[in-house]
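Engineer: Since the structure of chain A is provided, determine the placement of chain B on it from the hints.
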Amino acid sequence: MDGVVARPDLWAAFIIPAYVLTIGGLLALLVWAFVSMRRAEARADELRRK
Amino acid sequence: MHRYANPARFLKIARIATPIVALLGLGLTIAGLWIGLFASPPDYQQGESVRIMYVHVPAAWLGAGGYLGLAIASATALIWRHPLATVAARAIAPAGAAFTAICLMSGSLWGKPTWGTYWVWDARLTSMLVLLFLYLGYLALSASEGERGGERRGASILALVGVINLPIIKYSVEWWNTLHQGSSISVTRASSAIAPELLQPLLLSVAGFTFLFAAIVLMRMRAMLAQQRVDARSRRMAEAFA
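Residue numbers (the numbering used here), protein chains in the order written: chain A, 1 to 50; chain B, 1001 to 1242.
One or more hints might be untrue.
Stretch by stretch, here's where chain A covers chain B in the computed footprint (C-beta under 8 Å, at least three residues) [unchecked claim]: (1) 1062-1068; (2) 1095-1102; (3) 1151-1159; (4) 1212-1226.
Covered by chain B, according to a simulated footprint, are these stretches of chain A (three or more residues, beta-carbon under 8 Å) [claimed, not checked]: (5) 12-20; (6) 31-45.
If you anchor each label on the Cβ, the simulated ranges turn out as follows [unchecked claim]: (7) Ala-42/A with Phe-1038/B: 32 to 42 Å; (8) Ala-12/A with Glu-1151/B: 48 to 58 Å; (9) Ala-1005/B with Val-35/A: 21 to 31 Å; (10) Asp-9/A with Ser-1234/B: 51 to 61 Å.
Read the hints as simulated data drawn from the structure, not as lab findings.
Since the structure is predicted, the reported quantities are computational estimates derived from the model, not experimental observations.
All residues carry an ideal CB built from backbone N, CA and C; glycine is no exception.
Extracted from the complex, chain A is given alone in its bound form (with noise of 0.2 Å):
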């Protein structure tokens, strides 16, 4: 098997790092996002009340 080389499994190496780099950015994302918006609006309703 001298010169062979072997070819690594396209769907382990790449496709799937890609897919969970991209969803997992994504998903980050939308909860910073959405973390930051419901803590900044509850502080500015609190202070509104007070």
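Structural biologist: Chain B alone, transformed into the frame defined by chain A:
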């Protein structure tokens, strides 16, 4: 446009629009990625690795499209001093930067099986990297000007100067010999160079990502407007007790 420049009116619309846009984005994204991963056929040349296109292309579109939005908002802030324009620009920048970074990383994962390398100093890849640096420069300058209580004019000017990079990104594959393929979809061409079975999930995920980007921007704008109300009220309370 000025009718919606009123933050109170904008918030009224944004509170209704945010969940609708977010749910629409999630639904379209899940459908697009599901079809792209499991139902669409592999490409006749690239094989299975073409599936990376369904996350890479929407990220690239939003990285560049987001920058155009940032530049329009910055120009509006500089010229008309629109009260929501600076808020919109500041909301777009981190999302645009994140999508540009995702585009570069997913592109790199596509490049290895397609070209045999994760990175090459090709015109398209380099101009996208410059776009990421422009976003980071805007974020840093805007944060530093904000800390000093400025109007973030320097950051807005940087955003406008950086627009020159957008046509460079778009036409880089035509102006230079690049490893990156040319555009497969065109609004001016009657037919697309991409097979309908591959185009359908791509369009679904582009639409889904765009709605999710809009939801992120709306949520960031609502957070910043609430923070502005907190700051203004705290200042008034401090003055009343002084």
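Engineer: Does each hint hold? Answer for all of them.
Structural biologist: Here's how the hints hold up against the structure:
no.: 1; hint: 1062-1068; result: violated (count 0)
no.: 2; hint: 1095-1102; result: holds (count 4)
no.: 3; hint: 1151-1159; result: violated (count 0)
no.: 4; hint: 1212-1226; result: holds (count 9)
no.: 5; hint: 12-20; result: holds (count 6)
no.: 6; hint: 31-45; result: holds (count 9)
no.: 7; hint: Ala-42/A with Phe-1038/B: 32 to 42 Å; result: holds, 40 Å
no.: 8; hint: Ala-12/A with Glu-1151/B: 48 to 58 Å; result: holds, 50 Å
no.: 9; hint: Ala-1005/B with Val-35/A: 21 to 31 Å; result: holds, 27 Å
no.: 10; hint: Asp-9/A with Ser-1234/B: 51 to 61 Å; result: holds, 56 Å
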